[in-house]
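Asks: Protein chains in written order, with our numbering: chain A, 122 to 681; chain B, -9 to 353.
These aren't lab readings, by the way, just hints derived from the structure by calculation.
Every residue gets a Cβ at the ideal spot worked out from N, C-alpha and C, and that includes glycine.
Keep in mind that a hint or two might mislead.
To be verified - As a list, the in silico DSSO-like pairs of lysine-lysine whose alpha-carbon atoms are at most 27 Å apart:
#, chain 1, residue 1, chain 2, residue 2
1, A, Lys179, B, Lys350
2, A, Lys673, A, Lys468
3, B, Lys154, A, Lys280
4, B, Lys206, A, Lys280
5, A, Lys237, B, Lys339
Claimed, not checked - Ranges between beta-carbon positions, derived for each pair:
#, chain 1, residue 1, chain 2, residue 2, range
6, A, Ile346, B, Lys350, 40 to 46 Å
7, A, Thr326, B, Leu318, 42 to 48 Å
8, B, Lys339, A, Asp167, 27 to 33 Å
9, A, Asp167, B, Glu36, 30 to 36 Å
As the list claims (entries may be wrong) - Partial list, computed: chain A residues near chain B (C-beta under 10 Å):
#, residue
10, Thr160
11, Lys274
12, Lys280
13, Thr360
14, Gly637
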Amino acid sequence: MAFAIFVVAMVLTAYGLYSTNVTSSTNEQMLATSQQLLTNYETYFDSVLTTSNNVIGKYSNESDDLATIPSDMGTYFDTVMSIKNEILDMSLYTVSDGTMIASNTSYSEKDTSVTKQAWFTEAIQDDDSKLINFFSRPTTNPSGTTYSFTLSKYIPFEKNANYNAVLKVDFDFTKIVESISPSTLGDGGHFTIYDKTYNVVYSSTKDDKTTEISLLKTFVLGSEIEKFNSHSYYLYAATISNTSWRVAISINYDAVNGAINNFAIIVLLVGVAVMAVFVLILSIIANSITRPIRKLQVEMADIESLNYDASLKPEIKGSKEVVELNRSFNQMMARIKELTGKVVDEKEEQRRSELKALQNQINPHFLYNTLDSVIACIDKGESAKAEEMIIALSKFFRISISKGQNVIPLENEIEHARNYLLIQKLRFGNAFSYDIKVEPGLEKYFVVKLILQPIVENSIGHGLKEDEEGHIFIHAYSDGDFLKFDVSDNGYGMMSSKVLELENSFKNSTVYQGVGLKNVYQRIRIYYGDKANILIHSEEDVGTTVTIVIPKEGALKHEE
Amino acid sequence: MKNKILGLLTVGIMSLAACSSTASTAQIFLYDATDPFIQSLSGDLEKDIKGFISYQSYDAARKQTTQNDDFLKAVSDKNTKILIMNIVDRLASSALIEKAEESKVPLVFINREPLTKDLTVDDWAEANCYYCGSDPKIEGVLQAEIAEQVLGPASSFKGSKWDKKGDGKLRVAILKGELGHQDSEYRTEFCVSTLRDANYDVDIIDTQYCNWERSKAYDAMKTMYDPSAADPIELLFSNNDEMALGAIQYLKDNYVNAPSSSSSSSVSSSSSSSGTSPTFSERFFPIIGVDATADGRAAVEDGTLTGTVLNDASLQATVITAIIRHLLYQEPMPDFGSKVEIPDADNPKDGNSYKVIGEKVTK
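Put together the whole structure using the sequences plus the hints.
Replies: Right, dumping it as structure tokens:
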């Protein structure tokens, strides 16, 4: 983005510099052309004035022998005209009545009413006018070929006021224009001579000059770039020295604008191309730097999700710094993995030993009691019952031990509970009955061993009424993502406050009551985590149901 | 660091801006800064105005194009409060007035007078365009009066030491400044007409335009002066001191200090009637200038320049300063007494012209 701005700024700067340079150098050149043309005109009018001055000087120095003046001045006029071939006619008139004093030999037009002519009246109009040369507007003669203007000047004759005169010189303007106008004004380029009231005196073009003149009125002197008559022009306005006329020189400016516009387009295209190339190169460079970093970033994200195996891929290639960074990162990861592995192992070890310890809490009393009962049966000669009891006890312990494994097939756990119930029933006679129901399809699950027996032990110990036959019902079933084991009795039941107290006692480790429940609860929590739970549902005089909840995902495989 | 640079830049730009924005400026355009009279006029003027306005001077070197370029730059500068124009070409004044009116900057023309109708072209020009110069007509009259003082009354001229040809005609040669320049034309016209009015039989034997320049007059004298001419020069009027000094220098170089003194002795013998050595004027002819520049006064002192008319640059500078203060601060124009002709308040079409009256300067 910043780069694009930079390139745009570069393009604009280049364009600005170029157009400024081109404009200023062109303007300088056009100013020079204009001033050259102006100089040409001033030089020309200077020579016109010199002619006028020479005539005045000549006339001032005429002798006061009036008779000699006409021929003397006439000869002088002829001489001047032979040198200056742009002069058409020269003549001299008295101020008083316009009588012709002298003229060149070839002068034919004998105007009788010169006193009414503008050139005559203007020349003697007032004190100021008498001091300056008056230039009349050029006119086209009847044949249409010659474009001429007239200079007139009051000449005092110090020797005889009656011979105060007005000089009239007619100049062929066409010759002048042709000889001093450069052809370098370009298409439509032209110049216009106008007087101080903006009347056009002469123009080298026949185009309409309304716009041009109104523009000239706005800036009077100097130069401007202006558009009129379907062209752009460098328009230069100046006074022509020693005349009341001004000249406006219009030089075609289209080419300059065209060149600037072309340059703008080229610069723009080059700019865009350069920008594209730079962006490409830059993105390649940027990618080569950022890709390894991005990989590293992905790996670090893995770490956040505790996937320590993500790293240790030494193939990240890039700049030296990134490789170094990756190496350090891998080293760090290796170290973290080593440390976490150790922690996991230690935790596992701790768990196993805790589990074993808890399982081992269960057995002794039951064994002693059962063996006592067997002895009693043998004493009473009930050998069949003793045998049955010993067989059950044998199964019970086989499963209890289960070759030292903590987790056993679900059906074994059920079998374990059943053997326990059988032993107890044999011991206590027909004080209770029991039922075990296992939902089909649960055979594949494994559970932590010895979780049902402590619950059943509680049910028998606390849940049976003394005066009627008790019933214990074990129900194993699947409920969504969970395996559930209900151990129900039909005893006294508990008040809900008692239920809460009981749940507190085994779920909160600081309160120490109900060894069996607490033992089971701790073990399933150690093994299955927070999702495992024990729920108690009780109704007074109806009975109590204790439910062990185990997540199925933890019960699918058994540990070695 | 960046902020510091920025700060410095800002301070720099602000101080630059402050510099260029506080100074209201008078722009002074001189037609030729090498002209001694213009030098003393502009020197006096600058001294008078520097106390209350900054100024800048431009030298056009007698080129109206140059003056136009400078003028355009100055008139578009917003600090320009007034334009002092010693215009090269009086006919260009209409364009400059038109341009100044666009920016509403008042104009004071000095020394070279624009056409009256340009000066009063519209209401704005009538209120904001002024002229201050000398009165060339009176200068011409004063030149003639100096001639009369030297030559004596017309009645006794015939046969006097000044009537070289001895026919009673006064043969006058004239060194003119510029064609069409009002000072040049009026000084010439009035010095001649005043002498005629005093009954001198004036014969103008030669008139040369020397563009106010000493060197051109020096060259012009080569053709004008011939000691053995049938019609010798008996009086030389010069439109200014510079041209008079050019003529004097020519005479000095070629006749007074010439290695061969044969021609000078012939002149001296023909013109001297007394035993004492003739003065410069007696030996050649009286030469009368205008301006009373420092060089002109020195020449009057050493006797080579017979007389001159004071074109009072110092008083003109005072009047111009008063006009500037009048235009800028609306201060009323002071009373200059009889030395200055003031505009006719009843005839605004005559233009705001202040003309300083000259003074005879002789030994």
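Asks: Taking only the CA atoms, is the gap from Lys179/A to Lys350/B under or equal to 27 Å?
Replies: Distance ~31 Å between Lys179/A and Lys350/B Cα, so the pair is violated.
Asks: For the pair Lys339/B and Asp167/A, does the Cβ-Cβ distance stay inside 27 to 33 Å?
Replies: holds (32 Å)
Asks: Within 27 Å, alpha carbon to alpha carbon, are Lys206/B and Lys280/A?
Replies: Satisfied, since the Cα-Cα distance of roughly 26 Å is no more than 27 Å.
Asks: Grab the minimum C-beta distance from Lys274/A to chain B and call the hint holds if it beats 10 Å, violated otherwise.
Replies: holds (9 Å)
Asks: Minimum Cβ distance from Lys280/A to chain B below 10 Å?
Replies: Cβ of Lys280/A sits 7 Å from chain B, so the hint holds.
Asks: Range first: 40 to 46 Å. Now tell me if the beta carbons of Ile346/A and Lys350/B are that far apart.
Replies: For Lys350/B against Ile346/A, whose Cβ atoms are near 57 Å apart, the range 40 to 46 Å is violated.
Asks: Once the shortest beta carbon distance from Thr160/A to chain B is found, is it less than 10 Å?
Replies: holds (8 Å)
Asks: That 30 to 36 Å hint for Asp167/A and Glu36/B (C-beta), does it hold up?
Replies: holds (32 Å)
Asks: Between Lys237/A and Lys339/B, does the CA-CA distance stay at or below 27 Å?
Replies: holds (25 Å)
Asks: Holds or violated: are the alpha carbons of Lys673/A and Lys468/A at most 27 Å from each other?
Replies: Status holds; Cα separation ~23 Å.
Asks: State, for the Cβ atoms of Thr326/A and Leu318/B, whether the hinted interval 42 to 48 Å holds or is violated.
Replies: holds (45 Å)
Asks: Under 10 Å is the threshold here; is the Cβ of Thr360/A close enough to any Cβ of chain B for the hint to stand?
Replies: Constraint on Thr360/A satisfied, holds at 4 Å.
When held up to the earlier numbered hints, the structure conflicts with 1, 6 and 14 and fits the remainder.
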